[in-house]
Amino acid sequence: MFTFFHEESIHLIMGNWFSIGEMSVNYGTLLDSLSMTVIVPVGLVTICVLIYSLDYMKFDPNRNRFYIFLSIFAIFMTILVVSDNFVMMFIGWEFVGIMSYLLMSFWNTRMPAMKAALSAMLLNRFGDAFFVMGMSMMLSVYHTTDFNMMELITPNMDTIMLNIMAMTLLMAATAKSAQLGLHSWLLNAMEGPTPVSSLLHAATMVCSGVYVLVRGSFMLEYTPTILLVILWLGGLTTLMSGLIAMVTNDIKRVIALSTMSQLGMMMLAMGSSSYDLAIYHLYCHAFFKALLFMSAGSIIHSLMSESQDFRKYGGLIDYLPYSYMCMLIASLSLMAIPGTTGYFSKDIIIETLYGQYNISGYIMYFVATASATLTSIYSLRLLYLTFMNNPRINKYTYTFVHESNMMIMPMTMLALYSMFLGYYRDNVMFHLNLGLPHTNTFMETEFTMPMMIKYLPMMLGLTLSLTLVYLYEMSYRYDYKVMYNYLNQKMYFDQLTNNVMMRPTLMLAGVLNKNMDNGLLKTLGSTGVSRLLSSLPMMFMLNLMIMLMM
Amino acid sequence: MSFILLSLTTFTSLFSRLISNLTFNNFNIIKVIILISSGLIALPTIMDWSDLGVYYLTDGFSDVLVILTAFLIPTSIISNWNNIKNNLFFELVFNLGIILLINFMCQDILSFYIYFEVSLIPLFIMISLYGAANRDKAADYILIYTLFSSLFMLMSICIYQMLFNSTEYQMVNLMVLSMDLQSIMFMGMMMGVAVKTPMAPFHTWLPVVHSESPLAGSMLLAGVMLKLAIYAMMRLMLPTLSDASLLFTPFIYMLSLMTMMYTSLMTLRQTDLKVIIAYSSMSHMAVCLMGMLSNTYMGMNGSLMLSLAHGLVSPALFMMVGGILYDRYHNRLMYYYQGLMTYMPVLSVYLMMLSFCNVGAPLSLNFMGELFSMAGAINKSPMIGSMATMSVLLSASYQMKMTNRLTGGMKSKYVKSVADVTYRENLLMLLLMMPTMFFGMYPKWMMEMLTETNNVLYKM
Chain A
1 MFTFFHEESI
11 HLIMGNWFSI
21 GEMSVNYGTL
31 LDSLSMTVIV
41 PVGLVTICVL
51 IYSLDYMKFD
61 PNRNRFYIFL
71 SIFAIFMTIL
81 VVSDNFVMMF
91 IGWEFVGIMS
101 YLLMSFWNTR
111 MPAMKAALSA
121 MLLNRFGDAF
131 FVMGMSMMLS
141 VYHTTDFNMM
151 ELITPNMDTI
161 MLNIMAMTLL
171 MAATAKSAQL
181 GLHSWLLNAM
191 EGPTPVSSLL
201 HAATMVCSGV
211 YVLVRGSFML
221 EYTPTILLVI
231 LWLGGLTTLM
241 SGLIAMVTND
251 IKRVIALSTM
261 SQLGMMMLAM
271 GSSSYDLAIY
281 HLYCHAFFKA
291 LLFMSAGSII
301 HSLMSESQDF
311 RKYGGLIDYL
321 PYSYMCMLIA
331 SLSLMAIPGT
341 TGYFSKDIII
351 ETLYGQYNIS
361 GYIMYFVATA
371 SATLTSIYSL
381 RLLYLTFMNN
391 PRINKYTYTF
401 VHESNMMIMP
411 MTMLALYSMF
421 LGYYRDNVMF
431 HLNLGLPHTN
441 TFMETEFTMP
451 MMIKYLPMML
461 GLTLSLTLVY
471 LYEMSYRYDY
481 KVMYNYLNQK
491 MYFDQLTNNV
501 MMRPTLMLAG
511 VLNKNMDNGL
521 LKTLGSTGVS
531 RLLSSLPMMF
541 MLNLMIMLMM
Chain B
1 MSFILLSLTT
11 FTSLFSRLIS
21 NLTFNNFNII
31 KVIILISSGL
41 IALPTIMDWS
51 DLGVYYLTDG
61 FSDVLVILTA
71 FLIPTSIISN
81 WNNIKNNLFF
91 ELVFNLGIIL
101 LINFMCQDIL
111 SFYIYFEVSL
121 IPLFIMISLY
131 GAANRDKAAD
141 YILIYTLFSS
151 LFMLMSICIY
161 QMLFNSTEYQ
171 MVNLMVLSMD
181 LQSIMFMGMM
191 MGVAVKTPMA
201 PFHTWLPVVH
211 SESPLAGSML
221 LAGVMLKLAI
231 YAMMRLMLPT
241 LSDASLLFTP
251 FIYMLSLMTM
261 MYTSLMTLRQ
271 TDLKVIIAYS
281 SMSHMAVCLM
291 GMLSNTYMGM
301 NGSLMLSLAH
311 GLVSPALFMM
321 VGGILYDRYH
331 NRLMYYYQGL
341 MTYMPVLSVY
351 LMMLSFCNVG
361 APLSLNFMGE
371 LFSMAGAINK
381 SPMIGSMATM
391 SVLLSASYQM
401 KMTNRLTGGM
411 KSKYVKSVAD
421 VTYRENLLML
431 LLMMPTMFFG
441 MYPKWMMEML
451 TETNNVLYKM
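Protein chains in written order, with UniProt numbering: chain A, 1 to 550; chain B, 1 to 460.
Among the hints, erroneous ones may be present.
[Stated by the list, open to error] Here's a subset of chain A near chain B, in silico, CB distances under 7 Å, partners left out: (1) Ile98; (2) Met121; (3) Asp128.
Because the hints were derived from the structure by calculation, they are not lab data. Everything numeric in this text was worked out from a predicted model, so none of it was measured. Even for Gly, the Cβ is constructed at its ideal location relative to N, Cα and C.
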């Protein structure tokens, strides 16, 4: 029943969007193993989140708008996944960004939410600008944007142009998938309602960057430099987000950071040419990360203050046992404990990094191992502080803490997936670009991996997370000041972008507005001419006087 | 046939005034009569005719802009339906429309120039009579800036007249001029185009004019008159001064890139809503110009599509801030408004949709235009073209900042709540938005109109 069998990919052309010169872009769907794999989490998580939000948003006066936005999001996510060319993919790409803006600014009377939405929109637009650049280049170099056609042309393509196009795609994916440098929007995005975080910022939208890169893998395979960039970018992202998550105290932000970390893992997989593993991790990760967010939402929803700071939770295991169970399952899956879904998708990525047998691969293997260890630590920290710790809220609030049956249903479904989905990996592997030399390192990995290397991530994760117990139970103190502040402030990245990019740009605009637009150009233009005209008679007079005096 | 248009406008004015007198100054009848005739003036454009040796006809290029103009005249008349109660104003809009329509039809460079200049007269009167506080300044600005710069254009046209004793497009296009002469004439023409587009150092008139002019004036100015520059570039410069245009392309590309970046940065620091939209038009027009000069089929098509798209979206945005909001609050300051989503939800929906159209979200015509223009520009010059794609980000920065500010937040208690969008305003918004979305999803009909763009390509 669950064995691999070959399926013909179906290419449906529903109509012509535009054709210009010899270029023609269709409304087409490409139902191949790649899009069919990705559509599964999109559909399942969407339906789960919709059911979940029926209860979560029950008392919101604008809930209809919310459900409509979620459904529209699902439409455009589907377009993004099943499209057969880059221009049509851009419809989905752009609109999931727009829907993310609208959903994040759903509580539009809250200024932080509006600001977060604007920040997300603009950072996404930064990526979109590169996507447009890439598409323009494809149109002028390839004269087509159709995936199948491009795949055929790519081996004969000019290397420099190919590198630039791959770079633009990578930049676009960096913005959408919140990789290092353009990641700050994802943490701000946690201002939005939790179902939104669960659907958009864990399972589907943030993964679209990875999806686009895998779609463009036929280009990436011919640009090894860009692959190396992807590898290192993914490594740095996964490590950095793990470190930040260690000291973050907002429950949703920790989960968002772990999403970022897992997206970094997918980037690592792509950087080592293992596109199937990236997509497989995308597929599995969607379920347990959505579940993590849903459990967090269940906690936030049941607290009167709707606080998100888990230092203030404590002892919730007695009040929210089912949410605890779900969160535990999702966390174990995230930590890649053998037997859970996450183990099958994540561990093989780390192994494959080593299995490349080159220097970047070795370095990244240890980076990824460190990141996996960090994942274990912060997941346990989250669980511990939320559910086990001494109760920190007032007694009155505890009297209202409750599970919601409506929210439990989709959580149960996702919990089952988080446990068992990983077994059927071979059913999902689709051997993308298998004809090209570098895409089958995972086979080599399978047969040449030293035992120690294979089990290192797991052993480190399990042992080092014990240090957490030691830290919290035996030697609890808050005087790791410098490091703590540095990481707690997200490595001062927001401050960096604000002070280095945003403010100087706005200052420059202000200076230009004052001295150029309303200064120099007015003086040389309208004002200057009028002054000249009004002082001309005076100049004649002076001239006359001088002449008379002579 | 020009005579027919002339008599139509005279008859409309006289008849409407007469009826109005007969019905004891019932002003509504005037508006209705002018509205109906503003629809009727599109009819002569179906035909071709010649007057005084000048041919008036349309091809694919002009068709697109003629349709846009014919569409925008009634729209702009409806936009000022309630807030201006004066016969003269509507007659001015009507006549401005006729002049613009003929401008796209005439097949003669000198006539083009004349109509180009004559269109300033109704606009000048309109702004100086019905504008906002600074209206005198604004009227002077538009008149002096465009008139002065067009004199350079006239100089180039004089050279044509002197050399060929004719300025007909067909005639002039057959001639090949020496490179020196072409360069001089190109620079002369470019002065007119650069001020009208407007390009960065010559743009100071546009924000002032847009912010002070009455709504219909803004709509027609942004929607149609800025496109005259693109049209002039394509009609007057590319076919005859082709070598010079190729020679000057890098220069104009730099200028466009500068305009695009500079105006986008300016927009980030503006507080006046109408000025923001005015600056955003400049940035989009710069992209249009890049597409037009890309010497590729795609870039030119994209340029015309973006012209059309901008001609629909920018008037709608002007209508939004200068019409709907201004009629209610008599204020154009961005910081005056907040939380529109809470008490004007329909308006907010329109504002968001239009903003996303304006920043070039796919499935809107703006996206098509922008993508093709960029593709053309990248084809022509990969470096400058790639930098120009940053306009995607920059346009989003100012537009979304504005939308975010307007729609978000609590309703200020110092602002009285008002009715949401009325039927008239709904109609206008839909009229302007529907074509944008339709052509964004199904641009085929329009692209078929533009197949003649091929003829302007410089084939080496």
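Here is how each hint holds up against the structure:
no.: 1; hint: Ile98; in the structure: 6 Å, holds
no.: 2; hint: Met121; in the structure: 5 Å, holds
no.: 3; hint: Asp128; in the structure: 6 Å, holds
Checked against the numbered hints above, the structure violates none of them.
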